[in-house]
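> So the protein sequences, as listed, match chains Y and C.
First residue of the first sequence: 545, per the numbering used here; consecutive thereafter.
First residue of the second sequence: 10, per the numbering used here; consecutive thereafter.
Misleading hints may appear alongside valid ones.
Pulled a few chain Y residues facing chain C out of the computed Cβ check, cut under 7 angstroms [as the list claims (entries may be wrong)]:
id : residue
1  : Arg622
2  : Leu627
3  : Gly637
Hints listed in this document are in silico derivations from the structure and should not be mistaken for laboratory results.
All C-beta atoms in this analysis are idealised placements derived from N, C-alpha and C, irrespective of residue type, glycine included.
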Amino acid sequence: MLDIRNLHARIAEGREILKGIDLSVAAGEVHAIMGPNGSGKSTLAGVLAGRPGYEVSAGSVFYQGRDLLALAPDERARAGIFLAFQYPVEIPGVNNMYFLRAALNAVRRARGEAELDAGQFLKSVRAKLKLLEIEDDLLQRGVNVGFSGGEKKRNEIFQMAMLEPKLALLDETDSGLDIDALRLVAGGINKLRAPDRAIVLITHYQRLLDYVTPDRIHVLSEGRIVLSGDKSLAAELEKHGYAMLGDAA
Amino acid sequence: MAMPCLETLPEGKMVAHPETSPYLDAFRARAVAAEPSWLAGRREAALGRFAALGFPTRREEAWRFSDLRPLAQHAFPPASAAGMAAPDALAPWRLAGPTHRVVIVDGRFAPDLSEIGTLPPGAWLGSTARALAERPALVEAALCESDDAGAQPFAALNAAFFADGFVLALDPGVVLEHPVEVIHLGRAATPRSFHVRSAVLLEAASRASVVETFAGAGAYWTNAVASIRLGAGATLRHVRVQEEDRQAIHIALVRAALAQGAAYEAFALTIGAGLGRHDILVRFDGPDGVCRLDGAFLLRGQQESTTATFVDHAAPGCTTRELFKGVVDDRAHGVFLGRIAVQQDAQRSDAQQLNRNLLLGRRAVIDTKPELEIFADDVKCSHGATVGDLDEESLFYLRARGIAEAEARRILIEAFAAETLERVDGTVRERLAAHIARWLAGAAA
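Just chain C, same shape as in the assembly (with noise of 0.2 angstroms):
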């Protein structure tokens, strides 16, 4: 069946998605920036596929589970100008150590609050902006790849109306020392959504860190898209920390692309967002690569979150081990999506994929769906998943001991949520287990 295209649609023929209309309207009354004209061109297009595309729907599989009014209720339109924030509202984010710090607020490079530093030759790391004005062939292939990944109505969405995001690009063999930290700040009085676009370039035997946050106050959309794309042998290192405002939208597809032996390691936590969404698709191109994909979300409220990855490999030898868990509290509903394929030439492939939940709350929700497609013969992969409460028997050891049991309940989930975090390292590993452990008391409600 063809797909249809906006142009041979006849008049009306928004009303088969009246929900994209504002973001059409938007588009067509935006402010022209001065950038590459292929750009345009590709917003244009982008804007075309969102609009014949519409939102997702439960019809769907992939996004069988997910209740997307929240989106859909109300307009969000895409923010104009450059946010302000107070430096103060990046101390509960900011990392120990030295780092090169990119500030985004409102979806826009935030100068004032960045601070990248001094770079090794060979690396850039600014604005998505500025590497469009000042290194636009850098970025051309990154930005264009993700928007013909399937049906991605939020990622044409992002590609239409991005304004900003952060791009890293290494040379051959440089190696960052400290870690890329990238806080996204989102301040919100009215609705509003913040398109970020951004990408992490690797070349052969290169090695980065980057440590992603989200956070901000308000209704807001964050609906961020990025691309990685990893050269021979090269390692990144992605950790994503989710705490947006509870009552915030976040959505992000993140895509990587894996050439022979290159490593993505990449731990998300998701602890914010009345209403989550975050994909992560990877793709070995060359054989022996390896992805580690960890991560835990913990829910309460009436929070929806859903997780959902997708790892193909497509070339041989390569390796994953997944491990996502889930608490959930309340009446949150906690989504994971798990799908691992092996392609017919992807010999030698060794997959392991683990979600495991914790269900606290007798209201709360668990849909989880590992998947396996295996089209190789020589391969090693295995998948599970779980659901359960805190074991009883461990709960009744800590409290023979003299331990409360609010307290032995807390730190019988601290220790199941912190199992995520065995493959991170050291001063991330303890601001990440610190997130947790605040989640834990209550203060991130």
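Same shape as in the complex, but just chain Y (with noise of 0.2 angstroms):
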């Protein structure tokens, strides 16, 4: 699904942060990506989905095949691809609803689907908006506005769920959240994992993890992945912090 070869980027005529990152993700396997703050995992998230503001100076992302880094990002979010935002942006004046229409009907036209008519989409948002414990009121309102930071990552979960993409990057989406919302958030997450999919879990901290248990786990440091391994590493993790980075890399 994902094949990241020697990934190296920069922030525009900035300083280097991802220096040479390896990754592949299989169809049907969750893989979470952890490190300490600066270590690059935003970083790889946004150069992922196409974020302005980077430079990919070498290496090579293939997304089913197909040259990533040459579409944009909206041409890759129709491809499929996902990104959970670390903070979701308010939109005042676009309604939520009007929004996620428009998305919505933008990927099924890409994916050869047809439109959802408003009787259809409303059934689908109902279903979904239960799942994930959201207030029918807030998507009258523009998009992300006067919503509370768990509320904003609920919602990017519920975009997800609404978009069923083929690979999801979700990052930090369980920062800021206290444990119900964590266990909602991680449900929604869970509910998605699929045979076809693949998710990206990008986390400062193990406790999500406790919710969703990953098939693989890497630790990025420097821009590079230092460590990998299966869902154990992250109580190591837990139990010796990344203090025991040092001596891995």
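Grab the two chains, each in its own frame, and use the hints to assemble them into the complex.
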């Protein structure tokens, strides 16, 4: 599904942040990328989703056999990539429902599926709102406007559930959540686990991994993956902290 | 320094303002209509003021950003006869639902296209020409008032030439349930000017909603002046849509005077005209009045448009809320001049003004100049102006959900402009949103 080879990236005209990432994620797998602040986790998510402001200086990224880096951000999304934002953007004046329907129909058109009419759309929305315990009235507001931190994160997972991506990149979706919200978000993620879908969880803490069990865990430090392992790695990190990276790196 | 007076100038007096001579010639050559004698004298005097003032120049602060060459380079002789328009020309501009409709073609009332309908007792709505014939006393003051608004040469020219317009007058306590819809259509195969003069006179505690649209085809010049007088506790909602032909010139002056507790709630959408200027002057004559001035200007190509507002807090306890947004693309030039004055006696004034602009084209230009002049000490006033591009993070968020860049930009621009519509009601708001959406789709180009 996703093949990253020797990826180097930097902030436009700035310092290099990713210094040779190699990572393969197969369909059906859940990978967790952990690491201390400033290790390059969010940069990796941003580069994969096509966030402006980064330059790839070397390496390649293939997604379902396509050169991902050659695609515009919206083309990547229509090809099935979803980035759950660490800091979801507030967009006053753009109604949530209107936005979501425009997004869903864009993605559906790209998949060769018919656009949903208002009734079908609403039905689908209702079912998924319930899953994440999001109040209906939030959807009548501007995108993320007046949402609490937890509501913003739940809204990201709700959007993911609506758009049904093939590759979901979740950038610190667990940060700032209380335990109830964390359970809801984790439940939403687990519900989306599927044989034809890959999920990459980017997180600073292992807390989320108590609820979503990853197939692989990678530890990122100073722009490189310095450790990879199965889910037991999380427990080890929990015990020793990122200080143990000193030895591994 | 004494004002130059036409009569005392030596021969060759027109040399100072050669751009005025086609209008002075047209005035002498025009067929004189049967009208009250006081009006003839005012027309003469107004023409004299126009001749003495000449066209505004960039040396005047209020016109510093305006390039009036398109207006000065051609003569636009005043249209001398009523125009014709097919009923389907109204279709894009009609409001949904019942209205009292006044249609003005080439600056003159078009009875066949108008449908004033049934008015409640104490309400008068009709053409300015009819008001002059039937109710001269009603309009005499309103037609005079705006001529002494300082150096306003185009208002003076309008006062000299105006043929028609509309007048709405409500007796105390009269409430118009349906909006008054005024559609101005201009047509010109060769350059012509339409001088429209209108008045809205609402007596105490009366209420009305007026939706005016300016549209047309050709290289004409609309020169519109409207006087609005609101009695104690009266409320006027005034929506103005300017979607003139892109070859046309639109110059308009709206003056509103508010008595105690009156409310003037105005919205102005500017989309059309190659050269446009819209002055809105509001004065609180009595305490506790409310003024809401909102609007949006959407410009592309080589359009140039100025919105100039001046709200004069001449009485205490009044509130002003003003939000204008500009979207300027290509090589267009948008200007916002917003002035709020709080006079010495106007304690407890509360005024907020904001002008926000999106600069989309690399060669597009915005000039914005918010000004507060405060002479009272117990006031709450704020103003601000911003000029920027679309928010990159918002754009990325929409694109990261699969929405193509052009569509994402359209959504964000629409949301930016639509914020100004928040205080407009129901069907009118939908109509305005549709105008904005059409502009974004490029259909207005």
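> Indicate, hint by hint, whether the structure satisfies it.
Comparing the hints with the structure gives:
| no. | hint | in the structure |
| --- | --- | --- |
| 1 | Arg622 | 5 angstroms, holds |
| 2 | Leu627 | 5 angstroms, holds |
| 3 | Gly637 | 3 angstroms, holds |
Checked against the numbered hints listed earlier, the structure breaks none of them; every hint is satisfied.
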